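Once you've looked at the hints, dock chain B against the given chain A.
Going down the list, the protein sequences come from chains A and B.
For the first sequence, this note's numbering gives the first residue as 1, with consecutive numbering after it.
For the second sequence, this note's numbering gives the first residue as 1, with consecutive numbering after it.
These are computed hints drawn from the structure, not numbers from a lab.
These numbers were taken from a predicted model, which means no experiment stands behind them.
For every residue, glycine included, the Cβ atom is placed at its ideal position computed from N, Cα and C.
Don't take each hint at face value.
[Stated by the list, open to error] Among chain A residues calculated to face chain B with C-beta under 7 Å, some are: (1) Thr58; (2) Gln87; (3) Tyr89; (4) Gly90; (5) Met95; (6) Pro97; (7) Ser121; (8) Val142; (9) Trp160.
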Amino acid sequence: MNLDPFHATFGYDCYHFRPHDLAAPSRSRGTIINNRLIFGTLFVSFFFYSAYVYTVGTEAAHVPPMSDEARRGQQVFQKYNCIACHQFYGLGGYMGPDLTNVISNRGEAYAGAFIAAGTASMPNLGLSPDETSDVVSYLGFVDTTGTYPPKNYEVTWFGWVTQEDDPQ
Amino acid sequence: MIAREHDLIGLNFLRLGMLSLGVGMFFGVIGGFQFLFPDFLQELLFTKTRPIHVSMVVSWIFLAAIGGIYFYLPRQQNLKLWSPVAANIHFWVFIFTGLAILFSYLTGRFGGREYFEFPAALSVPIFFTWIMFGVNYFNTVRKEKEPWPVYYWMWGTGVVFFFITFCEAYLWLIPYFRESMVREIIVQWKSYGALTGSWNMLVYGTAIYVATRISGDKEAARSRMAFSLYFLGLFNLIFGWAHHTYLVPSQTWIRLFAYGVSMTELLILGKILWDWRGSLTEFQKNLHCNAYRFLFAADIWIFINLVLALIISVPAFNLVTHGTHVTVAHSMGSTIGINTMILLSSVFYIIREELSAEVHGVCSGQVRTGFWVSNISLAVFFVALLAAGFGRGLYDGASFQDMATQIRPFMMVFVLSGVTLMLGIWLVLWNAFRLMGMIVSSATSEEVQPEAA
Chain A
1 MNLDPFHATF GYDCYHFRPH DLAAPSRSRG TIINNRLIFG TLFVSFFFYS AYVYTVGTEA
61 AHVPPMSDEA RRGQQVFQKY NCIACHQFYG LGGYMGPDLT NVISNRGEAY AGAFIAAGTA
121 SMPNLGLSPD ETSDVVSYLG FVDTTGTYPP KNYEVTWFGW VTQEDDPQ
Chain B
1 MIAREHDLIG LNFLRLGMLS LGVGMFFGVI GGFQFLFPDF LQELLFTKTR PIHVSMVVSW
61 IFLAAIGGIY FYLPRQQNLK LWSPVAANIH FWVFIFTGLA ILFSYLTGRF GGREYFEFPA
121 ALSVPIFFTW IMFGVNYFNT VRKEKEPWPV YYWMWGTGVV FFFITFCEAY LWLIPYFRES
181 MVREIIVQWK SYGALTGSWN MLVYGTAIYV ATRISGDKEA ARSRMAFSLY FLGLFNLIFG
241 WAHHTYLVPS QTWIRLFAYG VSMTELLILG KILWDWRGSL TEFQKNLHCN AYRFLFAADI
301 WIFINLVLAL IISVPAFNLV THGTHVTVAH SMGSTIGINT MILLSSVFYI IREELSAEVH
361 GVCSGQVRTG FWVSNISLAV FFVALLAAGF GRGLYDGASF QDMATQIRPF MMVFVLSGVT
421 LMLGIWLVLW NAFRLMGMIV SSATSEEVQP EAA
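Isolated chain A, as found in the complex (with noise of 0.2 Å):
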């Protein structure tokens, strides 16, 4: 993804800062004043805009509230660094499947039986019963959260998609 927005920007410019193709250096006091205006503009922005995404922006009402196994079940995730090679909703590592809905998708005995004894390209990482019970609550949790990858969209004229199982 298109992580640097800022590639270009400088990494460009840098090679190409000759006299002729840039406007006359701005060293006055008012430019000066004027740029750090313009930072720190941006910069309260970024906490205004922080908060909203915190909070109102990324609310799931609909989501049930995470049950004890699934929050062992998250911790037990991250103890075997699963998102090496899985994902959620696309992000994480790609050796394995994307995990989002999977038990939707295969069911919690399926998801249970892979987790417990491994498979061809899945070590056997040795859990025990209950982290695997713990693992599997946690999956279904992820799972009421969305859909991945959408499965009923429309593609809008100017590349937009909208997703109608969307919850939000």
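Chain B only, in chain A's frame:
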């Protein structure tokens, strides 16, 4: 020219960074083979090799960028470091924390967060030394009497925003974030997107610094154009992260906003195309041939990555490319093609400035061979990842294994080109490491002589 003893701090960071890159690439190759043959090195699972590879390569980027700042400010900008002691502490804490992180990976003790897979406690020393670095940096550059050039702003922005986004990456420790899947994943990727923007500020600041020094046109770094592009980059750093999460069910306007922000990069692309025709004609190419060569490569990779970035930021295309190796192609193209090439340019710029041409060699030889081998390999590597990514994104069956079998030929090319990429980079690193060692030796002997006399 012989470096003074306190300039060694920057050189130490740079040499450690090169070591880190060399080792990180080796683990990347092991991980590549595990992708093809899951039984390969069972004792060292992919869950271990991937984080080692990622952490060491990211460390290279930070160490080389920080090393450049610690070197350039006192040595070339005549701004004595506010506290060389703090810089030395920073270096040693970085080493010990790095070793502890490596130990935690090898023994399978994970924090389990992508890109920060080490136990959260090991972030504490990074957190405190970063504050120390920030205090040292701002107290050093505030002695500058002239208006700040854009690279001081960029380095300062990188320092501040890395600190903020690094803290943000640990908000998951608070149950309010951790227990809401959507919020947790959005905040995680918000922080990662901006964090990458932060390290890019450090790296691109270095690029502008080196380019303006080579060209001799110092005023270019204070121009309106330079600052306009800097602020556009900062705007993207702050607001442009959400294209990572188009398919995560957050509020629609956040995603639409990200789409709009991402498209502002078209301005940059337009400027590149506008200037492209006359870009390769000037500069003191011969004097700084190696530094120039790596900047030139970065320029090409910027263009390629920007086109890819724009395409995959359009949600209709993102639907196919998200969660596939296309994303990996973009991140590899950026970290190796752009960041690493720029930082190697910085390394060779220092070598050229500190060693005479007779000592440091000239524009041919092993560095040139390594340069071409690594860049050609990277191009093959990049195309193989794109092919594998589109293969995965366009697969419409239900079997993951079946899809993996279909893209296997592309993955084989990816791994083989990864091996030659590593060999090419190693060749460059070996020469850079050796030459930088000569600078260090000269500086040390210079320090001893007056006392002996």
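*Hint by hint, which ones does the structure fall short of?*
none
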